[in-house]
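*Asks:* Quick note, the sequences are listed as chains Y and A, same order. Convert by adding 9 to the 1-based position in the first sequence; the result is the number in my numbering. Convert by adding 9 to the 1-based position in the second sequence; the result is the number in my numbering.
There's no promise every hint is true.
Pairs involving identical chains hold if they fit within one copy or between any two copies, as the list cannot separate such chains.
Distance condition first, Cα-Cα at most 27 Å in a straight line; then the derived DSSO-like pairs of lysine-lysine [claimed, not checked]:
1) Lys51 x Lys342
2) Lys51 x Lys335
3) Lys338 x Lys156
4) Lys163 x Lys239
5) Lys156 x Lys342
6) Lys156 x Lys335
7) Lys156 x Lys51
8) Lys342 x Lys163
9) Lys239 x Lys342
10) Lys338 x Lys239
11) Lys239 x Lys51
12) Lys335 x Lys239
13) Lys335 x Lys163
14) Lys51 x Lys163
15) Lys163 x Lys338
Keep in mind the hints are simulated off the structure, nothing from the lab. What you are looking at is a predicted structure, and each value in this text was computed from that prediction instead of being measured.
Protein chains: 2
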Amino acid sequence: MRVGILGGGQLARMMVLAGTPLGLEFTVLDPAEDACAGVIAKQIHAAYDDEEALDRLANNCDLVTFEFENVPAAVAARLARHAPVFPPPQALATAQDRLLEKRLFDQLGIPVARYRAVDDLAALRQAAAELGLPAVLKTRTQGYDGKGQRVLRKEDELEAAWRELAGAPCILEAMIPFQREVSQIAVRDRHGEVRFYPLCENSHRHGILMTTRASPDDPLQGAARQHTRKLLESLHYVGVLALEFFVRDGELLANEFAPRVHNTGHWSIEGAISSQFENHLRAVTGLPLGETDARGPSAMVNLIGELPPSEALLALPGVHLHRYGKAPKPGRKIGHVGIQAPSSAELEARIRRVEAIIAGVGQAAA
Amino acid sequence: MRVGILGGGQLARMMVLAGTPLGLEFTVLDPAEDACAGVIAKQIHAAYDDEEALDRLANNCDLVTFEFENVPAAVAARLARHAPVFPPPQALATAQDRLLEKRLFDQLGIPVARYRAVDDLAALRQAAAELGLPAVLKTRTQGYDGKGQRVLRKEDELEAAWRELAGAPCILEAMIPFQREVSQIAVRDRHGEVRFYPLCENSHRHGILMTTRASPDDPLQGAARQHTRKLLESLHYVGVLALEFFVRDGELLANEFAPRVHNTGHWSIEGAISSQFENHLRAVTGLPLGETDARGPSAMVNLIGELPPSEALLALPGVHLHRYGKAPKPGRKIGHVGIQAPSSAELEARIRRVEAIIAGVGQAAA
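Working from the sequences, and respecting the hints, build out all of it.
*Replies:* Right, dumping it as structure tokens:
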């Protein structure tokens, strides 16, 4: 079976690695000359809105899926003329607009932080008065890794923040004093069967994910699954989806969802019986789902900006290195490390050793 | 780092899948238009004795390794002019000649079945008289999967067998009434560190490997490791090597070795902490070796001739499918199934279910 992927970055690359043993053949569409999935898949070099290229991708594939969610509705519609498209375009349209996303959460009874739609400066002032400050102003579209966001602490900051975000349609969200961030990764197949990975606990630095730990005994596991199942079913979803939550005083508040394989699921490559990449492809190609259980204590640490020496990382037990083949650049995700251990204590020790190696490189470069 | 592989079949394909996350980029040299590693690697389409192509491979890679051992010495020498070659060409030369191989086993004190070199019909008669019948006549070179072999039971069969093997240089081996077949897979890095996978127990059908079970508690584990270590060290070996044994009355008798990743090590992809493919690449590229321990009860079943439906196999728990992207053909290895389970009893149950699915396809085709 021939699978097309819109986007040729590391998520596509890891899909190709997981799907090739299933007998799948891949074509990625990506405008970059050095798209990192392009070394192990056919690549169509073209812009994401190049209609001829989109037609070529869909015509040469039995189905099309996505590496990212910021795909204009017109692109998904164009692809769907020629080939089945999974996950459903409606899921992409909802995920790429924070207002539609929050409204869907509301409608499904999934708790979220209080928010207001903000389309002009007057609405921003009104929203700030209603929600109180501090609050977070976020563009409705195109935000990721902390981009397109401003924290507002005082009333006199509103106007400058509104200008910095270029007057784009926004939402204002009450600032949540959360204690933890968790994510639920799940997969739904074409027949509606749903499987859940263990809840993941995530830590960020400068708005970018650094470390994920699989947390199968988390007391919020059950609630996270309930919310995620409602979301999957309402979207008639097919494939892997990640739903991110803040945890405030032991309660989940949904932040956002990603209609795709997700950085907080990379630990599953070695850490789960079937990885998120394999299960996404099983789901979209109509194969039965694989088991999502963790094989033991598992974590993932991102490699951001520059790579530590492979030798140092691979000398550690229980460590698997994933280099994405991307050029180093500050703030850029260019690899990750999967970490497994026979016990949770040993897992924490190994995470610390990996983090020390990464910190050493950061210092050497500073 | 750029790695060249001589051969572009399933072993090369699984190396590419294991090495891409390490940041390696691959070029395979293979004469076949549809070499199955060619869909995920650069391919040079050329004969294995095409000197210009060999030069191009070595010039465009930082090192070269092999997918198979039947490489003329001149080819390895040609490659070595331009790039380091691992494993060492001497190991290939020894493995491809049964007489050199047996003599090396003798020299290292590794027990083998009694044998004689046979260069003409008179020598064959003499050898049969000395060893007694039944015995096995094997060509010194080019034998694999039971090809190039004749079992001799009566004296009047000698001449016909000699003619059938076209008068090629042979050895005659005493027939061993063995109870089991096992293989030891090991990896040695550039600094001489050696790691061993659990001993594997193998079963064959019509001379072709069908099923391998990782057998970490095998009482012959220690002896197999001792023999394999001597072999690796005498060859100054770098990479993965497999040494196959017959077990007769609780004792090991070496059959042959393969200077490469091996079919009896495919279970390690999901079943070991680091797979044989990853460890081969870690070794030849100078990276530290990964752990070779089994992650639990593990086995592998080959898919020969034709593929059962993916749906049936993937509906079973603990099963991973590896399709090689090769055209179906009687007797051809076109895929395998990795099987893991929480207990040995459950592993056996899962193996039986996989074998039943495979048998069902065989019957439907018959």
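*Asks:* For Lys335 and Lys239, with the copy left unspecified, which applies at a CA distance of at most 27 Å: within, between, both, or neither?
*Replies:* This pair counts as neither: shortest intra-copy Cα distance 37 Å, inter-copy 42 Å.
*Asks:* What label fits Lys239 with Lys342 when the C-alpha limit is 27 Å: within, between, both, or neither?
*Replies:* Classified as neither: same-chain Cα gap 31 Å, cross-chain 44 Å, threshold 27 Å.
*Asks:* I want to check one pair: Lys51 and Lys342. Are their C-alpha atoms no more than 27 Å apart within a copy, between two copies, both, or neither?
*Replies:* Answer is both: 23 Å inside a copy and 26 Å across each meet the 27 Å cutoff.
*Asks:* Is it within, between, both, or neither for Lys163 and Lys239, if the alpha carbons may be no more than 27 Å apart?
*Replies:* neither (37 Å within a copy, 74 Å between copies)
*Asks:* One pair to classify: Lys51 and Lys163, alpha carbons no more than 27 Å apart. Within, between, both, or neither?
*Replies:* neither (52 Å within a copy, 58 Å between copies)
*Asks:* Since the copies are identical, ignore which copy is meant and state whether Lys156 and Lys51 lie within 27 Å (CA to CA) inside a copy, between copies, both or neither.
*Replies:* neither (31 Å within a copy, 37 Å between copies)
*Asks:* Regarding Lys51 and Lys335, is the shortest C-alpha distance of 27 Å or less found within a copy, between copies, in both, or in neither?
*Replies:* Both, since 17 Å and 18 Å are each at most 27 Å.
*Asks:* Are the CA atoms of Lys163 and Lys338 at most 27 Å apart within a copy, between copies, both, or neither?
*Replies:* Cα proximity of Lys163 and Lys338: none, with 34 Å in one copy and 73 Å across.
*Asks:* Within a copy, between copies, both or neither: which one fits Lys156 and Lys342 at a CA-CA cutoff of 27 Å?
*Replies:* Intra 15 Å, inter 50 Å, cutoff 27 Å: intra-copy only.
*Asks:* At most 27 Å between C-alpha atoms: does Lys338 with Lys156 qualify within a copy, between copies, both, or neither?
*Replies:* Within one copy only: 17 Å inside a chain, 54 Å across chains, cut-off 27 Å.
*Asks:* When no copy is specified for Lys335 and Lys163, does a C-alpha distance of 27 Å or less occur within a copy, between copies, both, or neither?
*Replies:* Neither, since 40 Å and 65 Å both go past 27 Å.
*Asks:* For Lys338 vs Lys239, is the C-alpha pair at or below 27 Å within one copy, between two copies, both, or neither?
*Replies:* neither (39 Å within a copy, 47 Å between copies)
When each numbered hint is compared with the structure, violations occur for hints 4, 7, 8, 9, 10, 11, 12, 13, 14, 15.
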